[in-house]
Structures are given as structure tokens and as C-alpha cells.
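A.B. asks: Residue numbers (this note's numbering), protein chains in the order written: chain X, 1 to 477; chain U, 1001 to 1380.
Derived from the structure by calculation, the hints contain no laboratory data.
Mixed in with the good hints there might be a few duds.
To be verified - Mimicking SDA-like on lysine to any residue, the simulated pairs with C-alpha atoms at most 25 Å apart in a straight line are:
| id | chain 1 | residue 1 | chain 2 | residue 2 |
| --- | --- | --- | --- | --- |
| 1 | U | 1064 | X | 461 |
| 2 | U | 1020 | X | 303 |
| 3 | U | 1064 | X | 11 |
| 4 | U | 1212 | U | 1063 |
| 5 | U | 1041 | X | 273 |
| 6 | U | 1064 | X | 273 |
| 7 | U | 1020 | X | 266 |
| 8 | U | 1064 | X | 263 |
| 9 | U | 1020 | X | 461 |
| 10 | U | 1128 | X | 461 |
| 11 | U | 1020 | X | 181 |
Stated by the list, open to error - Now the in silico label distances, taken between C-beta atoms and shown as ranges:
| id | chain 1 | residue 1 | chain 2 | residue 2 | range |
| --- | --- | --- | --- | --- | --- |
| 12 | X | 437 | U | 1209 | 47 to 57 Å |
| 13 | X | 329 | U | 1016 | 50 to 60 Å |
| 14 | X | 2 | U | 1153 | 20 to 30 Å |
| 15 | U | 1303 | X | 160 | 30 to 40 Å |
| 16 | U | 1211 | X | 292 | 34 to 44 Å |
| 17 | X | 181 | U | 1209 | 17 to 27 Å |
| 18 | U | 1119 | X | 2 | 29 to 39 Å |
| 19 | X | 467 | U | 1258 | 54 to 64 Å |
| 20 | U | 1042 | X | 18 | 58 to 68 Å |
| 21 | U | 1347 | X | 471 | 41 to 51 Å |
Claimed, not checked - In silico negatives: residues of chain U with every beta carbon more than 10 Å from chain X:
| id | residue |
| --- | --- |
| 22 | 1019 |
| 23 | 1035 |
| 24 | 1063 |
| 25 | 1083 |
| 26 | 1123 |
| 27 | 1166 |
| 28 | 1225 |
| 29 | 1271 |
| 30 | 1321 |
| 31 | 1347 |
| 32 | 1353 |
Glycine included, C-beta positions come from ideal geometry on N, C-alpha and C.
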Amino acid sequence: MTLTYILIFTAVALFLGLVMRNRWRVYLLMGVSALAVFLLQPALPIRSLDFWLSTITLLLTVLSWILTTPSDKLRERNNLVALAILFGIVVFADLTRYLGLGWTLSATLPPKIEILFVFFTVAALFLFGIAYFKRLSPPTFLVLGFVLLIGIFLVLKVPYLATATSGLIRYVLGRASTNAAATDLRWLGFSYVAFRLLHTIRDRQTGRLPDVALPEYVTYVIFFPSLTAGPIDRIERFIQDLRRRPISLSAEDLSIAGKRLMVGLFKKFVLADSLAIIALNSVNALQTRTAGWMWVLLYAYTFQILFDFSGYTDIAIGIGGFLGFRLPENFANPYLKPNLTQFWNSWHMTLTQWFRSYFFNPVTRFLRSGKHRLPIPAIIFITQLGTMLLIGLWHGVTWNFILWGLWHGVGLFLQNRWSEFIRPRLAALENRKWLNLSLTALSTILTFQYVALGWVWFALPDPASSWHVFLKLFGIA
Amino acid sequence: MAPFCSGSTKLINPYRVLAKGLILFIVFNLVFAVVYIPYGKFSLYNILSPGRERFPFAEEVPEKIYNLTITSLDTMFSSHIVASPKSKDEYRVMLLGDSSVWGASLRPEDTLAGQLDAANLITCDGRKVHVYNLGYPRNSATKDALILVEAVRYEPDLIVWITTLGSLTPDRRLDHPIVQSNPVQVYELSRKYNLEFDLSAVGFYHVTFMEKTVFGYRSDIFDWARLQLYGVLWAATGIDQVYRNSFKVYSLPELTEDISFFDWQPPTFDPQLLSLDVLEAGMEIAGSTPLILVNEPILIITGQKNSDVRYDVSYPRWVYDQYRQVMDDESRKNGWQYIDLWDLVPSAEFWGDTDLHLTPAGEARFAERLIPYIQSASCP
């Protein structure tokens, strides 16, 4: 998100937060968020694809809502109004093509209106079909929705599949497939949108999802402050803020939100963007001549990724604050934690909680309740390694993200075993304050170093260049 | 709605915060404009990262070469290795000149300064000779004089000023980014050394009051900050431009039959048109520090169509020959130490990408020829 967009969104949020306090608030938030989906999606090399991806984001959201909502509630008035507003926004976004380049809502020229209406017809038939047939077996359709989202996720994240899909789209459009690249399908915010949708589908399966109207559901999924970089809120918490009446923002609320926004802007546009200049990357990794400077570049990356990501979170929380929302925290001084478990409890917290809720806890329960119970260390190993592997894959299906996940999975397991071993031995030293403080400081430094070294996998595109950096860092290459 | 931060109880008025911020911003800008803060003199180079071996200048995107074009003299010098403290046993030689001295396409060690430095010369009194590259692309004697004014602050023991005809033509008196970007220094140079610059000329940059504020300087300040950060990558990689690993023999261009030079026509031009006054000012700026003036080598094309009337793409023979004669006469008249090396490297095999830049082998030959003069200057 550029500074200009952040300023626009801040102004919009301030206006909505201060003025719009009636029942239309949810529709306005949904409308602005839907417009933001088109506005923020970057241009792509394939003609009008940016427009189509934004439209499909909205379509998938409506589809997931249909899947997760009891059939008798689908036709309620507010849902139909929301559907009409979404329809109007997509048509509006498309009609901006007639204003000419530079005035379109999407980054490139949208398709002709007649093509959009053909798409709408097919989409409407599809959605009506789903709404009709899901009555027969709602659980089956929930599974199908789950599979569909995971499938799209894989297509986007596996470079080979993304390239092949881009080639297919180019072929259909009569363009040369040879220019296809995985980056052709840069779908803004899909990782976050998909995980919010999966969360609602899974909660519907387990019966924990509250009843949510379409405008509320859409607003939750594409809420514009957190569209591009999270946090991944939980719907039951989000709708509490959305439904709160009356909305009255005090001067203090505004100043706290404003301060948070300023902190976020400083972190992102001053600290992170400055560090980005000198941060480790695939080019300078091979050019750096000495171990000392390689450590400098690695630490620059280590702090750049923190300030970048936590800066965006602060911005989202700040803008959310102007609207009367308290979005969840995503970072809590992660580099000051004395062990990896605490690090992961304070780094990208909403993503970690997502995986804890939908993978770690269920798998742990399953392994502990089976007929042939595994030993506790084996269960810990499997669940921690699996969770971290999935978190790695969430970033992209590449060897380096897999290795980064394994790095943390193994680290968490070793730290868990070490803690079990050392805890009783340290109990005798509880009264020795300075010794405890020193051990905590040492643990914090070691944890930070381990995390920083892990970024070598994350920052670089392939294991060979990462290995080169490791050798250089330790003076071997 | 409950406050976001329960620990905070003091009521804050956001409008007052905005108003205070705005007032502070305006006051800070006005103070900066009135009392100029020489931010360019502050640098992390020579403290956290080693100084650059030549002035920051970029022909490629900065992200690729960890370098960017800087025209503020303060920032240029503070990022240069010449700004590091001079040791007692050091004999400082500073080279001035254009891109041929700066070393386009060359690694720092392959430039003229790099090769002279690698010669590990020792003066008669046992001091180590260190040669600093203070060249900057595009020739202009005024630009060199401005650099020289700053350079003398860094205790040179010998200055070698490498010029050519192109540095002394009237169009180059003010038409150079460094000259344009440092108007205060140009005024000072003009006033102190009685140089007649046409400061009303179109293109000469006059700074307005608004441009003296932090807001006005925002682009320069941003570039200064970026340069500090690129110091890390310069230190880590030793890269400051795209280096050529191999040089093809320069393919000779076709020479035109036109023998005019700007609006000068044969058989002679008025010597007063050359910036000889700037050279004279340079001698005064150097003061008691010895200064050797060198006419840099040019590519001499022979045996080709029109090579009987032109030496190369830049110079018709008549104008260059007269220029050499003028320089010779002026040097003798004024007592300048002048070395004419115009035909030192005539062959195309020593020229790199253009007829302006030597290959490392060409620079080696140039350095070899200069070494005796440096030794002689260091052992009077």
C-alpha cells in the first residue's frame, strides 16, 4: 500500500468514523472495502486480469457466505441489499473504463461491459445453483468450498502451477504462453482473504460460527485497513465491533488511533524502507565479500521485515481505530523473547493463532486420543514441525519456505525438549536474581540469533544461495 | 467506546496536536532556511563504513550499483576517503579531472588514482604516497576549481589537475551539475578570484527562499540519507558502478569533414575564449601546494577519411593544435608546471567504451608517465 492510498484511507476512515453512526455504516464500510479491493490490486501483465481478480475476490466471498449461512437466511432483505451494492460497485468499477486510462478504478483498463454481464450471468447461475443444491447436503458443500479455496491457494503459491495457469489464461486470450510467469498472478491480499474464508467455513463445520449477514461477512473478509497485510481477525470478534451501538469516538480514541497510525507510518516508510536498501537479498548475498558485512546485511533484513510487517499492522490498527474497530495485535516485541515458543506467540500472532486453532490443536488432540498413542515428544515433534511447515508454505510453495518452516519446527522442538530438561535444574537457582537475569538475557540473544539466521532461508530464492550465505556468515566461504 | 490504551487517562485534543505539529514544521523550515545547516558535512562514511574511493556518481539505477549522483560538494567530500584523517607519514596527492579520472567502467584500483596508489611510492623523507581520486564526470574547469576549493581543506601535498580542451570551452564555465548545484560557492569563487561568470545565463540555477527550507531541500536530504545507507553496501561489496571485466578494442568512428568547433571557425580562435582565468584561479587556490597541470591524452585517429583534419570525434586538428600552443604559452608565461601528454596513448587498443575513457592498460601507461613527476614533486 502506498503512502497516498494510506492517506486516502485515513481520510475516508476519519469521515466514516465521525459521521456515519447509523445502520448504513456497515453498508458503507462494505462498499468502501469493495472499492479498495479494486483500487489496491496492482496491474498485471495479462489484460484486465487485475479487474477480474478483484471481482473474483468478491465472488468467492459471497460464495463462502452462501456456504456458511443457513439457507433460510439467505434471502433476508439486508443480504439482498448488500448483494445489489456489490453488483453496483463491480459495474461501476467496470464503467470507469469509459473515463479512459488513468481514471479507471482498477490499475488497468477493465473489460467491456457486455463481457462483464456475461460473467455476471454465469456467476449468478453458479451462486443460485450452489444456494439451491447446498440444501441437500450442507457439509458436503462446505468441504467443496474448503477444497476450492485451498486449490486456488496452491495454484497461486506453487510457482509451477501459477506459471501454467498464467500460460493457460494467455492461451485462452490468444496471447503467447511463452511469456507466462508466476508473478502474473499476484492476487493482492488473497492469502489473508482465503484464511478468513477458511476460518468461517471451518467454524461453520464445527458449529461455532455465529449467524452473520452478508454485508457483515463481506466487510469482515475485505475490511480495507487489513486487506493487504492483515491482521487475520476472527469473525466473532470483528462483528462485535461492527454491531456496537452507539458509535462514539472520543478525542482520546482518535488521538490513540492517530498515534498508532503515525508509529506505523514511521516504522514502514522510514525504518523499514531505509533498511530495505541494505537488507540481504539475492543479489547482494553473492556480492558481499566478508563475514562481518554479511551479518550487517542479515540484521538489516531481520529488522526490515519486522518494521515492515509490524508497521503495516500498526497502520491497519490505527485506521481501524478511526472507524471504531479494535483490530487484534500481530506483534509484541518478538525479538525480545527468551525462547522460540514465546517468539512465535508474539510474531504474526493472528496467523500463528489461526494455525494453532485449525491445525496444531486438532492434530495434537487426534494424536493423543488415538488407539496407539505416540510418546509425548513424538507428538510435539510432529505437530510443531507440521505447523511450522504449513506456516512456511503459506508464504509460498518453494524449497526455501519449506526449509524456513523446518528450521523453526526443529528449533521449537529442541527448545521444548531443552526446557523440559533444564527446568527442574534451574528451580534450585530461583532465588539467584542476577543469574536468572543473565540466563534470560543469554536466551534472548540466542533466540534472536536463531531467528535471524532463519531469515537467510526466507530472504533468498533458493537453497544454494542460502547455503552460500551461511558459509560466508561463519567465515567458511 | 473504551479508549484503546487503558493506561492513558489524559485527554488529548487532536486538533491542538495537529496545530502544534504544523507550527513546529513551519518554524523548523524557516530556521533551516535562515541558518543553513550544512547537513552534507555529516557522514557515516569514514566512521561506520569506509569512505568511497571516488565521488558518488551513478549512470545506472542506484539499487544496482549502490551509488547515486550527488552534486552537493559537502556530501561529496564527506563520503570520500579523502575526508579520513591524514596520518603523519602520509603524502597526499589529489587528482582532479573529468570522467577519465573518475574512471567510468573501471574498478577503483584500475583508475589512474588507483594505479598510482598501487605503485606504493615513498617520498624522500619516508612518507607514503597516497593518491586520491577527486575526478567527477563531465569536463568543466569551473567544476574542478570548485572541487579544488574544498580539496585544499584536506591537506594535499600535491595536486594533479588533468584537463583537456573540452574543460575550458565557454559553454563549460557554468554548464555542469556541480556548478549549478552550488551557486553560493560559485559566487564566492567568482568574487574572490575575479572570475567573470555570466550568472544571468539561462540555465544557471538561482535558489529561492522556499528552496532553502527543509521542504525545499527534501530531495537532497533524501539523497544524502540514501547515500549513507549505500555506504554499507559499498563497504560490503566494493561495488560503486557497473564494472567491465573485458574491453574490446574501441571501434573507430567515422570522422565528419566539418572542422568547425562550436561556432569557432579556422584558421584560429580567440584564446580569451578559453577558461584560462579559471586555471589561474586554481593555481591561487592551491597556494603553496604544488600543482601540476596535465593535458590528458586523447585518441588520435589516423589513416581514415577526414583524419587529416580531425584528431577524433571531438576535436578538429586546427583547434586542438592551437589549444596546445596556447596552454604551452600560458604555462610558460605564468610559471605553471604543465605537462602535455596529449599523444601518450594514441592507439585505439587502449581506449574503452568511448574515445574519452582509457582501459586499465591505458590508465597504467598514463600512471607510469606521471610517476616521475610525482616523485620529483615529493622530493624537491
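A.B. asks: Is the nearest Cβ of chain X still more than 10 Å from the Cβ of residue 1225/U?
C.D. replies: The claim is violated: residue 1225/U sits with its nearest Cβ about 7 Å from chain X, within 10 Å.
A.B. asks: Taking 25 Å as the top limit, are the C-alpha atoms of residue 1128/U and residue 461/X close enough?
C.D. replies: violated, 46 Å
A.B. asks: Is residue 1064/U close enough to residue 263/X, meaning Cα to Cα at most 25 Å?
C.D. replies: Given that 25 Å is the threshold and the Cα spacing comes to 30 Å, the pair is violated.
A.B. asks: Does the claim that residue 1321/U lies outside the interface with chain X hold up, using a Cβ gap greater than 10 Å?
C.D. replies: Its Cβ never comes within 10 Å of chain X, the nearest being 47 Å, so this holds.
A.B. asks: So does residue 181/X sit 17 to 27 Å from residue 1209/U, Cβ to Cβ?
C.D. replies: For residue 1209/U against residue 181/X, whose Cβ atoms are near 50 Å apart, the range 17 to 27 Å is violated.
A.B. asks: Could you see if the CB distance from residue 1042/U to residue 18/X stays within 58 to 68 Å?
C.D. replies: violated, 43 Å
A.B. asks: Range hint 30 to 40 Å: satisfied by the CB atoms of residue 1303/U and residue 160/X?
C.D. replies: Violated, at about 59 Å.
A.B. asks: Mind verifying the non-interface call on residue 1019/U? Its CB should be farther than 10 Å from each CB in chain X.
C.D. replies: Non-interface label stands for residue 1019/U: nearest chain X Cβ at 13 Å, farther than 10 Å.
A.B. asks: Can you tell me whether the CB distance of residue 1119/U to residue 2/X sits inside 29 to 39 Å?
C.D. replies: About 52 Å separates the Cβ atoms of residue 1119/U and residue 2/X, which means 29 to 39 Å is violated.
A.B. asks: For residue 1020/U and residue 181/X, compute the direct alpha-carbon distance and say whether it is at most 25 Å.
C.D. replies: Distance of about 51 Å is beyond 25 Å: violated.
A.B. asks: Decide if the proposed pair is consistent with the structure: residue 1064/U and residue 461/X, CA atoms, cutoff 25 Å inclusive.
C.D. replies: holds, 18 Å
A.B. asks: Taking 10 Å as the cut and beta carbons as the points, is residue 1347/U off the interface with chain X?
C.D. replies: Since the minimum Cβ distance to chain X is about 34 Å, residue 1347/U lies beyond 10 Å and the statement holds.
Consistency with the previously given hints fails for numbers 2, 3, 4, 8, 9, 10, 11, 13, 14, 15, 17, 18, 20, 24, 28, ordered from lowest to highest.
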